[in-house]
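Enquirer: Okay, here's what each chain looks like letter by letter:
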Amino acid sequence: MATTKTNYIQSWDTIHQNGPFPSQIMYETTLAKNIPNKIQRYNDASTEIQRLLTICVQQQVGFRAMGSGWSLSSIAHHHERMHNNAAMNIHLPVQSNQLHPSSNFQSDNLFLFQTGTTLKEVSKHLTNYGKAIKASGTNSGQTLVGAVSTGVHGSAIDVGSIQDCIVGIHLITGPNPTDQVYLERQSEPALSDSFAASINSRVIRSDAMFNAAVVGLGSFGFVMGLVLEAEDIYLLKRYVRKIKRADALELATTFNFAKSNFKIPAELENNGDGKRPYHYKFYVNPYNDQEDLVTEIIYKHPYQPNYPDPRPEAEKFLFNELPTLIASIAAKHKGLIPAIINAMKGNIFPELDKDTTGTISQLFGDGAAQGKVFAWAFAVRQEDTVLALELFTSLVKRLGPVPGAIGIRFVKASRATLAFTQFPVSCVIEMDGLQWKGNANMKTMQEVETALVKELIASGMAFSWHWGKNADWGYAGLLDYMYKNKAEDWKEQRRQLLTPVMQKVFSNRFTETAGLTENVLPAPVIV
Amino acid sequence: MNPENLKTTALKLYSKMKKISFVFALILLLQSCYSVRITCKDCIPEKSATMQGDGFYRDKKATTLKVTQKLSFTETTRSQYVLDSAACPNGFYSIEYKTTLGHVFLSGITFGRIRKVRVIYICQKETN
Numbered sequence: 000m001a002t003t004k005t006n007y008i009q010s011w012d013t014i015h016q017n018g019p020f021p022s023q024i025m026y027e028t029t030l031a032k033n034i035p036n037k038i039q040r041y042n043d044a045s046t047e048i049q050r051l052l053t054i055c056v057q058q059q060v061g062f063r064a065m066g067s068g069w070s071l072s073s074i075a076h077h078h079e080r081m082h083n084n085a086a087m088n089i090h091l092p093v094q095s096n097q098l099h100p101s102s103n104f105q106s107d108n109l110f111l112f113q114t115g116t117t118l119k120e121v122s123k124h125l126t127n128y129g130k131a132i133k134a135s136g137t138n139s140g141q142t143l144v145g146a147v148s149t150g151v152h153g154s155a156i157d158v159g160s161i162q163d164c165i166v167g168i169h170l171i172t173g174p175n176p177t178d179q180v181y182l183e184r185q186s187e188p189a190l191s192d193s194f195a196a197s198i199n200s201r202v203i204r205s206d207a208m209f210n211a212a213v214v215g216l217g218s219f220g221f222v223m224g225l226v227l228e229a230e231d232i233y234l235l236k237r238y239v240r241k242i243k244r245a246d247a248l249e250l251a252t253t254f255n256f257a258k259s260n261f262k263i264p265a266e267l268e269n270n271g272d273g274k275r276p277y278h279y280k281f282y283v284n285p286y287n288d289q290e291d292l293v294t295e296i297i298y299k300h301p302y303q304p305n306y307p308d309p310r311p312e313a314e315k316f317l318f319n320e321l322p323t324l325i326a327s328i329a330a331k332h333k334g335l336i337p338a339i340i341n342a343m344k345g346n347i348f349p350e351l352d353k354d355t356t357g358t359i360s361q362l363f364g365d366g367a368a369q370g371k372v373f374a375w376a377f378a379v380r381q382e383d384t385v386l387a388l389e390l391f392t393s394l395v396k397r398l399g400p401v402p403g404a405i406g407i408r409f410v411k412a413s414r415a416t417l418a419f420t421q422f423p424v425s426c427v428i429e430m431d432g433l434q435w436k437g438n439a440n441m442k443t444m445q446e447v448e449t450a451l452v453k454e455l456i457a458s459g460m461a462f463s464w465h466w467g468k469n470a471d472w473g474y475a476g477l478l479d480y481m482y483k484n485k486a487e488d489w490k491e492q493r494r495q496l497l498t499p500v501m502q503k504v505f506s507n508r509f510t511e512t513a514g515l516t517e518n519v520l521p522a523p524v525i526v
Numbered sequence: 000m001n002p003e004n005l006k007t008t009a010l011k012l013y014s015k016m017k018k019i020s021f022v023f024a025l026i027l028l029l030q031s032c033y034s035v036r037i038t039c040k041d042c043i044p045e046k047s048a049t050m051q052g053d054g055f056y057r058d059k060k061a062t063t064l065k066v067t068q069k070l071s072f073t074e075t076t077r078s079q080y081v082l083d084s085a086a087c088p089n090g091f092y093s094i095e096y097k098t099t100l101g102h103v104f105l106s107g108i109t110f111g112r113i114r115k116v117r118v119i120y121i122c123q124k125e126t127n
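Chains as they are written, first to last, in numbering that gives the first Met the number 0: chain W, 0 to 526; chain F, 0 to 127.
Just chain W, with the same shape it has in the complex (with noise of 0.2 Å):
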């Protein structure tokens, strides 16, 4: 039988170091170790997870899994009880004979994922199949679950989020034997019902519940597990170049890169135009207009095994995640925010990374935490890009001077109702540098969170915030003018598939906070 362990915790705190957060209890569920077949393994974890639900329905406490703790908003945090799921991690190709009658998928596409696989493990598994992962974050520590759950967005311009690659969906949403769901769009059925049957569930096909989950911030049930679709395995060629500002913003908004004036040499059609790339991103110092931008742009291209192993040049990029960019220049600089400050004035752009190629795992790979950082991103409609750079850039400025740099990626649509990549290509522009606590000469960081919020609002532009990032998330009227009528679907599709009460144990504080569920109590925050 899978066991549970419960830590009797004072309090939890993300990985960035965005908390303390005040806890209770945090279970820690181990598999079981003597039932050999995989999906008697995986239904025993269910009966198990059933358990500890039970628990908490008796003694009316709230219950949320915390994934790998990457995000730094308090997204994954419960006052009362949490869930360590990390060594829930069966993974299981999706055989042929399991395919839905009418489904177009590709059986060999498709795997499932138990609830606590990192993405390393999910690439280290696809590989092993000859298969890649479609879009990826800038890291693979976070659990599939987590980023999927949360909106996790990559930049894959042609491809979309994360949680655009799942097909099916394993839900727990309560203690008794009918509360195992397996969820799909029924638009695009995949697998069988036979299938949802031996993981002990009923079927719901549901293209609006099932958008409405697959972004579900950890309040749509316990995510079991999930049905991803995977493609043959690919390279990707990554260069990270100098690129005059001009050139940077007119790609930004025409994705014109066929007749733009930046090229690479290697990556061009045989008539001479530029290739249209796999990933498109570049990084703004928001303190010196007059210094070139730095884009790293990634072309795809067929897997072929005989190339150098990447790995001991992306251990040593530097314009790969922001908080790694801002901690080398703090590094420089001591930690001291006004010599951050001032230095950022001048040019901060270091060496520019080696070209290199590999597959998606190897270029976004394992990535340790670089001490207390806080990260903003939002995402805007591509042809806003410029008006909101200028926008944001002023404001950080006039409300910071904010100890962070910029990064620009672009996504395309998410179909999940409360995706915030959800604009027909959303451009997502991102600040990520070291926290501060603010003195008589510098707002604190809570006050500029509040006033971006408020004249983001005030400037008339359509938005939405990253689910998993530092923001004002009680900001009154936030939800309504990010996401208006998908809110009120979201909710509406969680009413139809949780009771009162399980709405009440998969609720936290910041759902709460930011309007989308009630009734939880509130907790007090550790200073």
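Among the hints, a few may not be true.
Computed cross-link-like contacts, BS3-like style, restricted to lysine-lysine with a CA-CA straight-line distance of at most 25 Å [as the list claims (entries may be wrong)]:
id, chain 1, residue 1, chain 2, residue 2
1, W, 396, W, 243
2, W, 371, F, 6
3, F, 18, W, 353
4, W, 262, W, 299
A few chain W residues that face chain F, going by a derived Cβ cut-off under 8 Å, partial list only [stated by the list, open to error]:
id, residue
5, 8
6, 9
7, 67
Which chain W residues stay away from chain F? Per the calculated CB distances, all over 12 Å, these [stated by the list, open to error]:
id, residue
8, 51
9, 244
10, 311
11, 491
It is worth saying that the hints were derived from the structure and are not from the lab. We put the CB at the ideal spot given by N, CA and C, even for glycine.
Model the placement of chain F on the given structure of chain W, informed by the hints.
Expert: Relative to chain W, chain F alone:
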């Protein structure tokens, strides 16, 4: 106090401060350390939910061993410390060996009979 006495007192104080500074510097120097960490690239580490560590260790379940080997006068070749594989049934993800100048000094003055190191290891996560 006449100037001569004042000078003598100042010199004594200076000498005392020099000694204290030397002791502090020595203590600091002996604390200075170097470490070597070997990590398995393709392996998956066991995660820690409590986030107690910093940097590389922040989200990983690490075990620290303070190892002191005392060799008898008849032993000349024992240089390895055996980590029990039962500690990591799925294999090791990383092993870090850390030693301070103080430990090196101790080893030197005991002709290698006493060896102190700190070992930090992380196990691999079980594959299912």
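Enquirer: Decide, hint by hint, whether the structure agrees.
Expert: Against the structure, the hints come out as follows:
Proposed proximity of residue 396 of chain W and residue 243 of chain W is supported: the alpha carbons are some 22 Å apart, at most 25 Å. Using a Cα cut-off of 25 Å, the hinted pair residue 371 of chain W and residue 6 of chain F is violated, with the two alpha carbons roughly 51 Å apart. For the proposed pair residue 18 of chain F and residue 353 of chain W, the alpha carbon gap of about 51 Å is over 25 Å, so the pair is violated. Between the alpha carbons of residue 262 of chain W and residue 299 of chain W the distance comes to roughly 15 Å, so the proposed pair stays at or under 25 Å and holds.
Because the smallest distance between the Cβ of residue 8 of chain W and any Cβ of chain F comes to about 7 Å, under 8 Å, the interface hint for this residue holds. At a threshold of 8 Å, the smallest CB-CB gap from residue 9 of chain W to chain F is about 10 Å, leaving the interface hint violated. Restraint check, residue 67 of chain W versus chain F: the minimum CB separation of about 6 Å is within 8 Å; hint holds. Distance check for residue 51 of chain W against chain F: the nearest CB is about 15 Å away, which clears 12 Å, and the non-interface claim stands.
Consistency note on residue 244 of chain W: stated as away from chain F, and its beta-carbon is indeed over 12 Å from all of that chain's, at 34 Å minimum. At roughly 10 Å, the least C-beta separation between residue 311 of chain W and chain F is not larger than 12 Å, which violates its mark as non-interface. Look at residue 491 of chain W: its CB is around 33 Å from the nearest CB on chain F, clear of 12 Å, so calling it non-interface holds up.
Hints 2, 3, 6 and 10 from the earlier list are contradicted by this structure; the remaining hints agree with it.
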